Each structure stands twice: as C-alpha cells, then as structure tokens.
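The primary structure of each chain is shown beneath.
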Amino acid sequence: MMETVLLKNIENPNSADIAEYKKVGGYRSIGKALGMEPQKVIDEVKRAGLRGRGGAGFPVAMKWTFASADPKFPKYLLCNADEGEPGTFKDRPILEKNPHLLIEGMVISGHALKAEYGYIYLRGEYPAAKHILNAAIKQAYDNNLLGENILGKGITFHLAVHQGAGAYICGEETALIESLEGDKGQPRIKPPFPVNVGVFSKPTVVNNVETLSNLPYIIEVGGEAYAKIGTPDCPGPKIFCVSGHVEKPGVYELPMGTKLKDIIYTHCGGIRGGKKLKAVIPGGISTPVLPPEKIDCAMDFVNMPKNGSMLGSGAVIVMDETVCLVKVCYRALKFFEHESCGKCTPCREGTGWLRSILGRIENGEGADGDIEALLTISANMLGKTFCPLGDGAASVVQNFIKHFRPEFEEHIKAKKCAVSG
Amino acid sequence: MFSSAAIQEIEDIRAKYPNARAALLPAIYVAQREFGWLPPEAYEAVADLLNVPKATVRGVATFYAMYKQKPMGRHLIQLCTNVSCMILGAERLVDLLKSAYGVEPGGVSPDGRFSLVIMECIGACGTAPAMLVNDDFHENLTEKNLQEILEKYK
Chain A
12 MMETVLLKNI ENPNSADIAE YKKVGGYRSI GKALGMEPQK VIDEVKRAGL RGRGGAGFPV
72 AMKWTFASAD PKFPKYLLCN ADEGEPGTFK DRPILEKNPH LLIEGMVISG HALKAEYGYI
132 YLRGEYPAAK HILNAAIKQA YDNNLLGENI LGKGITFHLA VHQGAGAYIC GEETALIESL
192 EGDKGQPRIK PPFPVNVGVF SKPTVVNNVE TLSNLPYIIE VGGEAYAKIG TPDCPGPKIF
252 CVSGHVEKPG VYELPMGTKL KDIIYTHCGG IRGGKKLKAV IPGGISTPVL PPEKIDCAMD
312 FVNMPKNGSM LGSGAVIVMD ETVCLVKVCY RALKFFEHES CGKCTPCREG TGWLRSILGR
372 IENGEGADGD IEALLTISAN MLGKTFCPLG DGAASVVQNF IKHFRPEFEE HIKAKKCAVS
432 G
Chain B
16 MFSSAAIQEI EDIRAKYPNA RAALLPAIYV AQREFGWLPP EAYEAVADLL NVPKATVRGV
76 ATFYAMYKQK PMGRHLIQLC TNVSCMILGA ERLVDLLKSA YGVEPGGVSP DGRFSLVIME
136 CIGACGTAPA MLVNDDFHEN LTEKNLQEIL EKYK
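Just so you know, the sequences run in chain order A and B. Under my numbering, the first sequence has 338 at position 327, and the numbering climbs by one with no breaks. Under my numbering, the second sequence has 121 at position 106, and the numbering climbs by one with no breaks.
Derived from the structure by calculation, the hints contain no laboratory data. Please note that the accuracy of each hint is not assured.
Where chain A lies over chain B, by a calculated footprint (3+ residues, C-beta under 8 Å) [stated by the list, open to error]:
# : region
1 : 33-45
2 : 73-85
3 : 134-146
4 : 154-165
FRET-style restraints, in silico, Cβ to Cβ [unchecked claim]:
# : chain 1 : residue 1 : chain 2 : residue 2 : range
5 : A       : Pro303    : B       : Asp151    : 34 to 40 Å
6 : B       : Pro54     : A       : Lys43     : 38 to 44 Å
7 : A       : Ala236    : B       : Asn34     : 41 to 47 Å
8 : B       : Gly74     : A       : Ala236    : 16 to 22 Å
This structure is a prediction, so every number in the text was calculated from the model and none was measured. The beta carbon of each residue, even a glycine, is placed where N, CA and C say it ideally should be.
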C-alpha cells in the first residue's frame with residue numbers, strides 16, 4: 012500500500028483540527044508556494060501532469076493558464092464540492108476529515124491564479140461538512156493562513172462556503188456559477204468559457220475538491236516526483252469509491268491506472284457472499300456500464316475510454332447476479348429525468364421518454380419495438396444539449412442495451428423479470 | 016417578518032459576496048429555517064431584505080429540491096433510493112416507513128412526526144442503504160435498525 016496523500020490521517024478522529032493537520036506536515040507547502048512566482052506554481056502543476064478529478068480529466072495547468080492570461084480582475088477560484096454523481100463519495104472524506112488539506116490547496120491555487128476570492132460550492136446534502144469546513148476556515152483565518160497578507164507574504168485570499176440546495180446539475184461548472192450568483196442552476200452555452208467570463212463575469216477557475224487537494228503534495232515533493240505516481244498520461248493518486256456487492260465497500264486511495272479488476276477483487280475483497288459478478292458501473296452512474304469480461308482495464312482518463320467507458324469520478328458500482336439490469340437502467344433514468352434542468356429540449360423530453368419506456372418494460376408492459384425506440388431517442392439526444400447531462404442519460408441507455416440486450420428482450424417477451432420476478 | 020437574529024445572519028452572509036443577489040440561496044435557507052418551510056411570507060421577507068423581485072425568489076427556490084414548498088413534519092427523513100442504495104434494499108425501507116409510520120414519499124406522517132423525501136444519492140454509497148434524518152447521517156440501514164434509529168426522533 013502506498014503512502015496516502017489525500018486521505019492521510021483520516022483515521023485520526025481529530026484530523027479536521029488545524030493542530031492535527033500541522034502534526035502530519037500540513038501547511039508546510041503554503042509558505043513555500045507563496046514564496047514562488049505564480050507562474051512557477053503553474054509550471055510545477057504542469058510538470059506534475061495533474062488532471063481534473065471531477066470527471067473530465069482536463070489538464071489543470073492549461074485551465075489555470077487560460078484564466079491567468081485573462082487581463083480582467085478580480086479572478087475567482089471555485090471549488091466544486093457538489094459531489095452529486097450517484098455512487099460518488101470520494102470528496103466527502105476530504106471535506107469532513109481533511110478540510111485543511113483542501114484549504115491549503117485552495118490558497119496555493121489562488122496564488123497561482125492571482126485570485127483573491129474563493130468559494131467552496133458545497134452540496135446541500137452534506138450538512139456535517141458545512142460545519143466542519145466553516146470551523147476549519149475560521150481556524151485558518153485565525154492563523155493568518157487565509158485573509159490579508161497571508162504569513163506576511165503580501166498575498167490575500169478570502170474563502171467562504173456556499174451551500175447548494177439539492178440540484179445535481181450544479182456540479183456542471185457553468186450551472187454551479189449560475190447557482191452561486193443566486194439563480195437557477197442552468198448551464199450556460201460555451202464559449203465564453205468560465206476562465207474568461209465566469210462568476211460575476213470575471214475569470215474563474217472551477218476545480219474539484221480532490222483536484223485542489225493534490226496541490227500541497229505537488230508543491231512539497233515537486234511536479235516531477237509527483238508524476239512518478241500513477242501512469243505517464245494520468246499521474247497522481249486517485250480516490251476510488253466502491254459501492255454495491257463487494258465484501259469491503261468504501262474509499263480507496265490508489266495510484267491512477269489501478270486496474271478495475273484489482274480494485275474489486277484485491278482491494279475490496281471480491282463479490283459479496285461468493286456470488287457471481289454481473290455488471291460494473293466504473294465511474295458514477297453517468298458512465299457506461301461494463302460486463303465482467305471488460306474489467307481487466309486500467310482506471311484512468313486514457314484507458315477507460317478505449318475500453319468503452321469512462322473514469323468519471325472513480326465511483327465504482329458493483330452488481331452481482333441478483334440484480335435486474337433493466338431495473339437499474341430504469342432507476343438511473345428516473346434520476347436523470349428528475350435532475351434535468353429543463354433548459355434543452357432533447358434532454359428535458361428525452362429523459363422523460365426514456366424513463367417512461369424503461370418503466371413499462373420493467374413493469375411487464377413492454378412492447379415490440381421498445382428497444383429500438385430507446386435507441387432512437389438516445390441517438391437524438393447525444394450531442395444536442397448545452398451540457399453533458401443529456402449525453403450521460405443517452406449513453407447509459409445505449410450501453411445497458413449494448414451489453415445486456417437479451418435481458419431487455421426477455422423482459423418484453425416474458426412480460427416479467429427473470430431475476431426479481 | 017424575520018427575527019433580528021435572522022436579519023443579522025443574512026447581512027453577514029451578504030458581506031461574503033460582491034452583490035446581494037449572490038446571497039439569495041443562503042438567505043432562502045435562513046427563511047426556511049425561520050418559517051419551517053417556504054410560505055409566501057418567506058419569499059416576501061427574502062425579497063425585501065435583498066431587494067430582489069419576489070417572483071425571482073420564488074423562481075429560484077422552486078428550482079431546488081431542498082427548498083420546501085409545503086409544511087414539513089417535525090423531523091425530515093431523506094432516504095436515498097439511487098442505484099447503490101436500491102441494490103442493497105432501500106425500496107424495502109420505503110415500504111417499511113409507509114407501514115410503520117404512515118408516511119409516503121413526499122408526504123408527512125399523520126401525526127406530523129416525519130416528512131419523507133426520496134433522495135438522489137447522499138454520498139453514503141459505501142455504507143448503503145443510507146438516509147439523513149435532519150442533519151444526521153444514518154448508514155448501513157436494515158429493516159431492523161431503521162425503526163430503532165427513528166425512536167430517537169420524537
């Protein structure tokens with residue numbers, strides 16, 4: 012087991028306290044980073060090869076360079092803590108157990124961007140994290156690690172928590188910005204990109220909790236040493252959160268590129284009760300489902316797409332032979348219908364129609380032609396919406412049918428489910 | 016309409032943003048806590064305090080699932096039934112809440128004790144099935160321990 016970077020010290024019941032964080036080396040990187048020119052910090056992140064951990068895997072240094080190059084001020088750094096992708100619980104341990112790691116990461120990032128204001132957009136479903144973050148932010152202000160003239164280095168960074176209110180779409184960065192501005196969380200068309208016209212119309216970087224939490228370690232050991240963890244294309248540690256039918260579900264910090272098969276069988280102890288594996292959703296519910304023969308694949312932003320899925324948030328949902336996949340697909344589409352913001356017609360209408368047809372198949376009322384209808388509707392949603400929510404919903408349906416079509420056909424033919432009756 | 020403490024709280028929140036409009040979501044939370052839900056007076060109070068049209072306040076509030084448009088029970092049960100919780104038995108828990116307390120999804124128990132909201136993932140998938148009761152997480156739920164846990168909420 013490698014040394015943990017992101018989940019360091021979380022077994023300590025007082026790990027969220029500043030004194031405990033400092034005991035394990037916390038806040039050592041901040042002084043070093045604030046003594047560097049902002050561009051040097053960006054260069055270090057570039058050498059580290061850090062990619063965004065929210066799901067898209069976009070190179071962090073590139074995003075930062077765009078925002079840094081924009082002449083408008085003030086600039087804003089937003090932390091996306093709207094962890095809503097079903098199956099995902101990787102940021103919660105950082106927020107609840109290691110808040111100072113995130114704060115240190117944000118101060119370093121803010122300096123790199125010459126941003127003096129940061130907000131943590133925290134999902135409404137994490138009430139405990141809100142109190143913990145607010146307490147940690149107060150401690151950081153009291154210790155001159157936030158606010159004006161941090162550690163006497165002449166650098167200012169203010170940080171506050173902004174609580175969301177139960178809208179999955181606000182995890183999409185432009186919807187998050189709308190929501191922070193006090194509006195409905197509906198995505199904006201891009202361009203302009205947030206790095207030029209973001210929150211309050213100013214250059215804005217939105218980075219995920221886990222992404223920002225890598226910064227103290229990158230500054231501590233240097234980009235080159237950091238890049239030795241993981242794979243050459245996708246360096247660094249990654250938090251995988253595993254749920255469903257495994258013996259030991261939970262969060263696992265492992266090198267990027269760890270094989271899906273090893274996560275399930277080595278780290279999580281295999282399938283619960285010795286049952287047979289039926290399907291895996293590897294990166295949160297929006298990522299394409301995989302059958303058992305496709306799990307011998309490295310979990311990173313480069314290899315998973317070649318294997319027909321995506322790394323997403325690293326949220327692995329494991330399903331054994333007792334699970335009805337039509338029902339899972341139906342439940343997923345209920346979710347997408349509920350969370351569609353309603354702005355783009357193909358998504359708003361498409362998710363409803365997909366949910367409705369899947370519901371009648373699951374309930375034994377499917378008809379000939381339903382599978383074709385599902386595929387036609389999905390094809391008419393893909394690439395036709397502002398944000399990836401509609402694409403996610405369509406590709407979920409396409410991939411469940413691609414890998415498990417006989418189960419759908421059986422439901423329609425027998426008018427019932429062969430697994431759950 | 017608001018208590019003076021609530022007005023001060025909203026003023027403090029407003030100071031964290033470059034404009035008043037950005038304080039709208041947190042201010043609606045304060046209103047919801049003060050009124051127990053969001054009656055028309057709550058929208059009016061927020062609109063007056065932040066100088067935002069009432070229709071805007073209502074339009075924003077109704078977009079978000081956690082802002083309550085009707086009176087709630089004394090305790091709010093937010094139970095997840097998304098895939099990780101569903102495949103580990105969350106639907107049976109919904110049935111149990113119906114039979115034991117008479118509370119339907121989206122409804123309030125007849126005695127006013129519990130409101131039930133079905134959630135789309137609460138980030139407790141590794142300890143599924145899971146729920147929030149008010150601000151507390153309860154994880155690894157079973158038909159047996161669910162009622163024991165709810166005993167604490169009178």
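Status of each hint after checking the structure:
1. Figure legend: the region 33-45 of chain B, annotated as covered by chain A; annotation consistent (10 residues with Cβ-Cβ distances under 8 Å, at least 3 required).
2. A stretch counts as covered by a chain when three or more of its residues have a beta carbon under 8 Å from one of that chain; for the region 73-85 of chain B and chain A the count is 7, and the coverage holds.
3. Check on the region 134-146 of chain B: 10 of its residues sit with their Cβ under 8 Å from a Cβ of chain A, so the three-residue criterion for coverage holds.
4. With 0 residues carrying a beta carbon less than 8 Å from a beta carbon of chain A, the region 154-165 of chain B misses the three-residue requirement, and the given coverage is violated.
5. Hint check: Pro303 (chain A) to Asp151 (chain B), Cβ distance near 38 Å, so the stated range 34 to 40 Å holds.
6. Checked against the hint of 38 to 44 Å, the C-beta distance between Pro54 (chain B) and Lys43 (chain A) comes to roughly 53 Å, which is inconsistent with it.
7. As the Cβ distance of Ala236 (chain A) to Asn34 (chain B) is approximately 43 Å, the hint placing it in 41 to 47 Å holds.
8. For the pair Gly74 (chain B) and Ala236 (chain A), the beta carbons lie near 51 Å from each other, so the given range of 16 to 22 Å is not met.
Hint check: violations occur at hints 4, 6, 8; the rest are consistent with the structure.
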